[in-house]
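Those protein sequences? They're chains A and R, same order as listed.
Residue 58 in the numbering used here sits at position 60 of the first sequence, and the numbers go up by one each step.
Residue 74 in the numbering used here sits at position 83 of the second sequence, and the numbers go up by one each step.
Simulated from the structure, these hints should not be mistaken for laboratory data.
All the pointers check out, no bait thrown in.
Simulated coverage check for chain A against chain R, where a stretch passes if three residues somewhere in it have a Cβ under 8 Å from a Cβ of chain R: (1) 44 to 57; (2) 68 to 75; (3) 89 to 96.
Anything over 12 Å on all C-beta distances counts as not near chain A; from chain R, calculated: (4) 55; (5) 161; (6) 165.
Idealized CB from N, CA, C, for every residue including glycine.
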Amino acid sequence: MSTDLTGQLRCYLVTDPRAGSVEALVRITRAALCGGMTAVQLRVKGWPDGAALQVAHALRLATRATGALFLVNDRVDLVLAAQADGVHLGVDDLPVSAARSLLGPGAIIGYSPESDVDRDVAERAGADYLGVGPVFGTSTKHDAGPAIGLEGLAAVVRATTLPVIGIGGVTIERAPDVLAAGAVGVAVVGAVFLADHPEHAAHRLSAILS
Amino acid sequence: MTNRPIPRLQLIGPLDAVSLPRYVEVAVQAVSAGCDAVHVRLPGASGGDVVQLARLLRDAVDAPLIVNDRADVAKLTSAEALQLGERSLSVQDARSVLGTAMLIGRSVHDLTGAIAAERAGADYLMAGNVFETASKRGQPGRGLGWFAELCAIVQIPVIAIGGVQAHHVAELTQAGAHGVAVGREILLAESPRAATAALRSELERSFSCSHASSTR
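From just these sequences and the hints, can you work out the full model?
Here it is as structure tokens:
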């Protein structure tokens, strides 16, 4: 895996569908990119597809301007329509092999495994990185399982050859611990989306991780 | 746009009342009785579930599939058509993903929507609900007059949906319908095969008598 991808996975923002409107979601994400986020995953479950694509187009431009990686959760069709860099998949989404066949070898495919078997299948099917968690308790994703802790994260890092990002309840203060456990990056939702000043929050995260 | 024929008798579902295995089972029976396309429609479901249903149907059913909403799944499973609704991608955006080889249908509920969908490049429309149906509780049917008016203002084929039964087919095709999409009238019928066969024979009768409709 290229060090380029590893670097782009360092400060990873997952958008919060509760941002409420296209404008709010784009505004907060743009601010976070200015603050130094290196990757954005668009996650807008439950939104109408037209609105989701509108956001995707805006974030494609914003990420291109800062050089950040731009991924879309689950929807390979939105990836294609917005010319995103790739897709992030969970166990309920399209299989990694299906996404790879639709997107081709150049796209970035992330995967959130829920078991060792999931992880092996995704790795063999050509996933480029793993999202692993919840590292800590989380309030932004209600269907997340129990926290696996830093030890659980470290165990996955040891078991895979793929780069791993830690996700789930990661605050700016705890972000360095996630890297210390072997992750190449930290994914945040609430730490930026619920911050009074998303750009400052992103900047602090970026500074503490560099 | 493609020159592929638009299926005239489409099975649409599943419904909340019908399990996925039952839907596949009924689809097999319906296709054997003259249904010529089967919808994959799981609104709000995750991509994995939609792919799974599409693959189950593709393996079990000898008829083209029409995937609703998910252009990625339509492409992945080489569906005959993608069916879009009001919460879906626009026809143009879906076309940018799929190219011109796949049919794109758009569900419409009013004349303005029909004109817009045709202008956006939809290959066909699905319009309804024409009659009252338990799937849209509390919404009376928009009626045959409405349906005829809609068919008259567009050039592309229109599929009638909503409470359609075999005895409606003649008046629908006279009003300009290219075909019909049917859910619970087949899925919940005592004999899905017989219900499908009745619809099919009415369609055959309509199109063999009415040469005008055969070009649509």
